[in-house]
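Student: Spelled out, the chains give:
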Amino acid sequence: MTLLRVRDPQRLLFAGFLLALGCCGLWFGWKLPTGTAVRMGAGYLPKVLSGILIAFGVGLAAASLAIDGPRLERWAWRGLAIVLASLCLFGLLVETAGLLVTTVVVILAATAAAPDRRWGEAAVFAIVMAAFCTLVFRLFLGLPIPALP
Amino acid sequence: MDIFGNLAIGFGEALSLTNLAFCLIGVLVGTLVGVLPGLGPLATVAMLLPITFTMAPVTALIMLAGIYYGAQYGGSTTAILVNLPGEASSVVTCLDGHQMARRGRAGAALAVAAVGSFVAGTFATVLIVAVAEPMTELALRFGPAEYFSLMLFGLIGAVVLASGSVVNALAMIVVGLLLGMVGIDVNSGAQRYTFGIPNLAEGISFVTIALGLFGIGEIIHNLERGTDRSLVTSRLGSLWPTRDEMRRSARPILRGTAIGSVLGVLPGGGAVLSAFAAYTVEKKIAADPSRFGQGAIEGVAGPEAANNAGAQTSFIPMLTLGIPSNALMALMIGALVMHGIQPGPQVLVSQPALFWGLIASMWIGNLMLLVINLPLIGMWVALLRVPYRLLYTAILVFSAIGVYSINNSVFDVFLTAGFGLLGYFFIKVGAEPAPLLLGFVLGPMMEENLRRAMRISGGDPMMLVERPISLGLLVASAVLLVLVLLPKLRRVRSEAFREA
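Going line by line, the protein sequences match chains A and B. What the first sequence shows, in the numbering used here, is residues 4 to 152, in sequence order. What the second sequence shows, in the numbering used here, is residues 9 to 508, in sequence order.
No lab work stands behind these hints, which were simulated from the structure alone. We put the beta carbon where it would ideally sit given N, CA and C, even for glycine. Among the hints, a few may not be true.
[Stated by the list, open to error] Okay, the calculated bits of chain A under chain B, using three or more residues with CB under 8 Å as the criterion: (1) 20-30; (2) 34-44; (3) 50-59; (4) 71-80; (5) 92-103; (6) 110-123; (7) 133-147.
[Stated by the list, open to error] Residues from chain B that keep clear of chain A, each with C-beta distances beyond 10 Å, as calculated: (8) Ala96; (9) Gly115; (10) Ile205; (11) Gly211; (12) Arg255; (13) Arg259; (14) Val289; (15) Leu429.
Isolated chain A (complex conformation):
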């Protein structure tokens, strides 16, 4: 006999997220002045909203133990990591390496996430994209991004 069984893992995970966010909201917003209903302080609504989130989290967590739901799918950690890392790579490179180099590097890095990747094709595409982006964003639209290092 099992007393507690997770019937809806997706919902439980979401509930956990809401609880965590609500607790963070309270914790980091604790020192903000609450004020009164007439003169609401900066902390009034953040605390109320954090409280509501915690209530949602508790409610959904309870529901996840009572009502059956879909199973948790596997996470594509590899794709996730590569896509996010390429995006961060853009942030790290763009101000020092310039748009041309950054575009080539980011496209090649992101290509690693595709299950059907072809490096040769990606290399050509990266160079075309670098030229296109520099032309459109730097020269045509005049965005203040350096083109070259």
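Here the structure of chain A is known, so what remains is to put chain B in place on it, guided by the hints.
Tutor: Showing chain B alone in chain A's frame:
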């Protein structure tokens, strides 16, 4: 002011060379993202928003609006030719449109979709012109209490009419509201959740949220499930519908236009809901419902007219009340704010050229789409052959450039990566991100109005229910919420969203 005077101002503005050019760019980009599955108008508008900074506000809005309704035209092309929804709003077009394509009537299906969209777009434009002034006059009489209740109604309505779990959606709204609190409090100057990071002082840039949740999260999800699009048919058949096909599609187009025009205005409405509703209606009233799914032209004409009408009338609450009815309108509000225009009823009075110019441009844009779309079909089909393994790297780079150039801030790029992770998490736990974006945009406005209302009433929350308009809106929100939680209605609602 009379309607014709207003339209003269509008067309005068929209017909300037710059605005015409950017209207064309907007509808072309819109058609492009509409054709390509895996890239939606929401992520595109967020991506391109930063580059509109150098333009005049009216030009920026004309282009961004063109992307939204242009995507409705493009989505049908992919649905009919490839049996893949290029856009969420053309899911139902796949059902009969692709069957028509298989029987060699792809050209006729495309033509009917384009003409239906144009008729709907024209009617929706007229409707916006007609209701804009009365709506604005009503809204100008609203006090803070009415505004707070109206926004609450908008948020609740958005939840009820959206697909997916209602409780999850409500929780997502609160998450959005809380994220909206980040930054310096305008009333007291206190720093809220900024953690001493100067980039957060003005709040989280909403482009990072929109791109992270809808762009980056979606890429990661698409990569793991794979995108198969090998079904491109090359045979279009005659572009001219037969006399019988024309006769069959006339009424569905009109019905779809009416359905879309109404549903577009409602909170949570817009293109997707309108298309689903129109398909359901056509199937219900058809003499022989069994033809649906076998290539019934009514099943293409109705939804295609409806999604375009819905896309356009969803601008009504955004323009006249300053309240977004769906996530894309939330982005448009953000665009207005970034250009230094406070959204709300005063836009019509203070910026008549912008207001009427945008509306006039919608009709011009629809005309452009009707004229350029069919001859360019070959080009769109060729674009469909671009594999996703190249497409997503390009989306990633465009997103990064877009986010970076808002504030020239590397921090925003990292923040977008964080929201991308969150977006993927939301997909995995089955939580729709659209309510979060609505809550995020409305949060600061709701707080401001609530605080003001409370100060006027001396802290008495009864004020919200003592004023008749405010009370009516609150009652309507409560009724909506109760209705959607009733088991019977829940079934109807989930059926309405199932693909016929």
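Student: So, for every hint listed, does it hold in this structure?
Tutor: Tested hints:
no. : hint    : verdict
1   : 20-30   : holds (count 4)
2   : 34-44   : holds (count 8)
3   : 50-59   : holds (count 5)
4   : 71-80   : holds (count 5)
5   : 92-103  : holds (count 6)
6   : 110-123 : holds (count 9)
7   : 133-147 : holds (count 6)
8   : Ala96   : 20 Å, holds
9   : Gly115  : 32 Å, holds
10  : Ile205  : 12 Å, holds
11  : Gly211  : 13 Å, holds
12  : Arg255  : 45 Å, holds
13  : Arg259  : 41 Å, holds
14  : Val289  : 31 Å, holds
15  : Leu429  : 6 Å, violated
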